[in-house]
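So the chains spell out like this:
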Amino acid sequence: MTELIVQQQWFLWMTLLPLGAAVAAFLAPRQAHWIGLVTALLLPLCALAAIAAATLSETQTITAGNWPTPLGIALRSDGLALVMLAVTALVGFIISCYALGYFPVRGHHQSRARYFWPLWLFLWGGCNALFISGDLFNLYVTLELVTLASVALIALEGGKAALAAALRYLFISLLGSLAYLLGVGILYGTYATVDIILLGDMLAATRLNHAAMSLMIAGLVLKSALFPLHFWLPQAHTMAPAPVSAVLSALVVKCAYVILLRLWFEVFPALDTIAIGHLLGLLGSIAIIWGSLMALRQERLKLLIAYSTVAQIGYLFLVFPLAHTETMASAWIGGVLLMMAHACGKAAMFMVAGTIHHTAGSDRISRLAGAGGPIGVLVVVFTLAAGTIIGLPPSGGFFAKWLFINAALVSGQWWYLPIILSGTLLAAAYIARVLGWAFLDVKRSSYPVIPWMMKWPPLVLSIIALLFGLIAYEPVQLALSGAPVSSPVLVEFGP
Amino acid sequence: MELALIFDLILLITLIALAWLLLASSDIFRAVVLFIAFGLLLALAWVRLGAPDVALAEAAIGAGITGALLLVGLGRLGSAEHYRGTRTRLTFLQRLSAPVLIGVMIPSISLILLLELSLHASATPGQQGLVNVLLDVSGTNHGVTAVLMNFRAWDTLLEKGVLLLALISIWSLDQARPLFRQNDISPQLTGLARLLLPIMIIVAGFVLWQGDHAPGGAFQSGAILSAGILLAILVGYTLPTRRQGLSLRLLLAVGFSVFLLVAAATLLSSDYLLKYPDSLAGSLILLLELVATASIAALLAAAVVGGHPPDDLSKPVDRSSAVNGGQT
Amino acid sequence: MSDLILPAILLSSLLPGLIIFTLPEESVRLRTTLNLGGAVVKLLLVALLFFHVAKREYTELRLPLLPDMELVLRADALSLLFLILSAFLWFLTTIYAIGYLEDSPNRSRFFGFFSLCVSATTGIALAGDMVTFVIFYEALTISTYPLVIHRGTPAALHAGRIYLAYTLGGGVVLFIATVWLRAIAGPLDFSPDGVVASLDPALHGSLTIIFALLILSLGVKAALVPLHIWLPSAMIAPAPVSALLHAVAVVKAGAFGIIRVIHDIFGIGFSAELNLLFPLALMAAFTIIYGSIRALSQNDLKRRLAFSTVSQVSYILLGVAMATPLATIGGLVHLVHQGVMKITLFFCAGNLAETLGIHKIDEMDGVGRRMPWTMAAFTVAALGMIGLPPLAGFISKWYLGLGGLAAGQPWVIIVLIGSTLLNASYFLPVLHRIWFVPSRQDWPSSTLRDGRETTWALLIPPLITAMLVVMLGVLAHSVGSALYWVELIATREYGP
Amino acid sequence: MSPALLYTGSGIILFSIGLHALLVHRHLLRKILAANIMGSGVFMVFIAMGVHGDSGVADPVPQAMVLTGIVVSLCFTAVAIVLAVRLNKLTGCTTLAVDEESSID
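Residue numbers (the working numbering), protein chains in the order written: chain P, 1 to 495; chain E, 496 to 823; chain F, 824 to 1319; chain W, 1320 to 1424.
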């Protein structure tokens, strides 16, 4: 049994499985939802097997076709890859369940269901391929796979606003990936390899390398919607159908960020990154404040959640200035933890917003007034999930902020404290505003019955999001295996 | 040598000028035509850089299919530059970001890059040595094909996925509409098509076979075939309705599916993704190239047609408007 | 003893809470079963734990959170004090709330958050280090917020905003102070000698700042003037919530946190050495007097009780800040006594509002005749608050006074006497109205069949707590009383 | 100045021209053209930096990468055009200037 698990390269199956399922769903549109659901059930199991296999085996890097690296493409099952695969499997599973309720297979919207599944499975496969890739050019291809699927999924809503948002997203993404690709080209031209590990060993602090780095980082920053390059995000994430919004905010934004983490800590450590780090930190800080303030002003729930994503992305970028020598681990783990926590919490929130839109006909926050009865449980889901966005314990967001503040204090960058704290308070304010409407005591006509697939999966995810901090130890330890930072054991534990 | 340099200079200046002109041109139709010319000249540049594979692909895909896509799109959009509706109010930051980017960042980055590149020119030996050493066991005799179909086959697999994904995206957006009005077919065109189609198929086959030892391969061949399909559509060929369902989808997906199956099989048998058994490498690559060509041809043609075939799931439509590509 | 008892105590309210969220509004029976079942199980587990801790068998559970951080659950004598208080009063409050909210909307939501709130309080009691404490402390903030705004009126929402602004503001300061302290001092396990005393003297400046930040942030929930504004406005919440807020959960969590910081993080000796405690004692004294004076002028019954809480909670802080065994006993015992007395008063106020629609003090004329049992309980608790011997409040004040003298700070006596006079002058007029002023209006007569003044669920809890007020005073020196337990804690803290 | 460097520089210039046009122009087809020009610039850098010395033999690896890149950008072009046509059908615009306020509900 154990041998069976170790022998298989489960993390590779996690890319082949959704891609194959996507083709199957395309070929058999009437069975698409079943194919999607079975895949969504299998992938978390594969993720567990992949983690089990990784803890048992030594090697973390293999190459496609077993060709040696500068030539072959490195595929890695290191900690970062595994936790992202696992989180994607979990969130993806929940979103798939939700989508089953959201896109009815019968009725006049059935054609949307028929295209949703292959597109979503392609996106899933693309994400998984991206997380395990250890090759800069392969990362480009996987990123484009994810982007193209996202564009089509946004446009699936069909309205003109959705189409415009999709098209804008397409152009922005194209711009970002071409800038990234230009950087990759320059690196290949100089070092004749695009392998992350090899490049990390070879790179010298030349001006050309700095230029390549700037291009790649700029492209990825655009794709991960850091202020002031976030302008495309609220529309794109709002206009999409609810399961798609959840996927975009929870997973797709993280794709570009994961590449950034890999670049920063594995490819460019030899380069002088302090100035860029501070710039990213500054933009991240502005994003936290600006995104939160904008969220506070929104009249529509989905827009509020989307701006909250802008703010949360800001936190993610604090990793770069905070990662000094002695605080490297703190910042890196904080970033990874926040990614995971945000993925769970934000997906649950978008699903709630989608259900409200679906049943109440609009996602205006004022429509929540007197939300009781069937959507009472949604308010609860929203509250629990919001805990991780605000950073309340015991959510993952809380510990991520803990690590950030710790890194800021230890590295003497105390000016990030007020930023992180005011972000927390502002988040509480915009969440409280929603809850205020939801708790408002007005009698309203009853809501239609909500399909249970749209009610319970988000609840499960929101509970996981809220309690994530309590179970974060294992994921964090996993992420640290093969990580570019070492575990920050400051003090020995007691008996 | 000097003469070659002068030729390069002229070519590059023309390319840059064309790019500038077509992007600045006030007539969008002219811009598209100039773009096709740009693509053809670019193919020349690839030849000059010793990359005939890219040159072939650029001519067939970059200029040919992209050109067709643009022209069809233009026809559907209407060629007038038509700005309707109020301007969106841009926030201060949005207004600021464009000039900052254009005025400061682009020139400075370009300048730095150029300066630096002049210092670092030809710093590394590249990988052709490694590729040449391993060519014997790769199952093919042409370096680029070996990289595409074997050394970096994982990229190629995913890229086939992107192609299929693009088609699914297009199908999710719109239903197929005719590329032209029925009565527009001219007899001369039909005659020309009768003459050209067999030649195109032969050329495509040749390019595919060529890929084993010289520039060529599935992309280029598929692009030529898809041009043939489009020509057939232009002279009024329609795919029979009963072929527009599963058969068409199978044809579109076969390239990617077989690639995936090979990947799964190699993973099961050897623990390494896409590690072909030595004795089978040549045949496997041939198989992959063949199915890829068929799929690429169908996919590219279907992308130009630009929509999903009418089917029983969506609202019933007029049969006569159901035109779709997909013949091999 | 199994290590699992501590998480079991937490889960006994957490799990029912999570399940209740998913229940439809109509399944009253299942919800009630879950609520009461959870409360009973928790009581039994706490009782079991009690006997072990009494025998000095401390139990501890460590759960790794991050590579260098753990969740530590530990039951020591102080935890048990708070734990018993919260488990017992939660049980009563649950019964009361079931009666109080009969037929009102959104009960699943209410009881779900209610259970989360109690779980958080339990967690605060069981926290074995500062990190764990902060985790549950902040969790309490957010789980209480939906309860405060439960009524959904604009006034309730406004109160909720104020509550959230104050407590979260305090929360982030606490957060920073804890991260900072942990960064310079390492793990912050609660231990009787404190954990920072051995640090480099060069850090004493930072430690003073951290101490101030900790006290100020915890002082928000403990309603230290001027951080008390949220408390009177939060009385808009339903009566069971107010009861919980004032007697068990929020206010007590703040006070409990300050005790933990002084006793188990900084250590009493070290705190006194850095001269950190005298400012706290002054603040507490000021709060005691200020709260009482403000209570005088309130006409709304619950508001008057709220200002009374502001004043009374600072007794606890005053006792702790004087750093002598007797004063500590007085402070800690007041943690329990104040809880029992104040919860009685809020139960009674809730009964008045629910049964007769009375909210204002000047509407209470002669209400003793209409609701004799409720008002009897009210009277006992109010007299206890004033400090009438031999009721519970008297015991606290007596030890505080002795402690003040022992600490060489006789001004404390003046504060206590002044406060007692003020207590009397805002409670006695109310008692006078209840019993001796003829009623000005006709109350609706009881609709219950046997002519009871209100339902059992509303009547039993205040009667039990009123009885406790008497017993905690009369039987103060017998085994098992709060005072006995607190003396035990003080002995363990200061040495025999 | 070697030819490879010349081509690399031109690639960067093409990239910049495309970038500029992508940001400035509002007509959707023009944006698509601009993105394609940008892509061509990137590909030129890829190939030209892979040319070493005067042997004129290009490294096959970047060639393969560029072939992949060309197909990917073709895919984006195809989807972008269909999206633009679709948008044009709904709004009558050939720009992204959809009145955002009106589209909210």
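Check each hint, because a few of them may be wrong.
From the structure, some residues in chain P lie toward chain F, with a derived Cβ separation under 7 Å [as the list claims (entries may be wrong)]:
| no. | residue |
| --- | --- |
| 1 | Gly376 |
| 2 | Gly412 |
| 3 | Trp415 |
| 4 | Leu467 |
| 5 | Ile471 |
| 6 | Tyr473 |
Don't read these hints as lab results, they were simulated from the structure. Keep in mind it's a predicted model, so treat the numbers as computed, not measured. Cβ atoms here follow ideal geometry from the backbone N, Cα and C, with glycine treated the same way.
- Query: Of the hints given before, which are not true for this structure?
  - Reply: 2, 3, 4, 5
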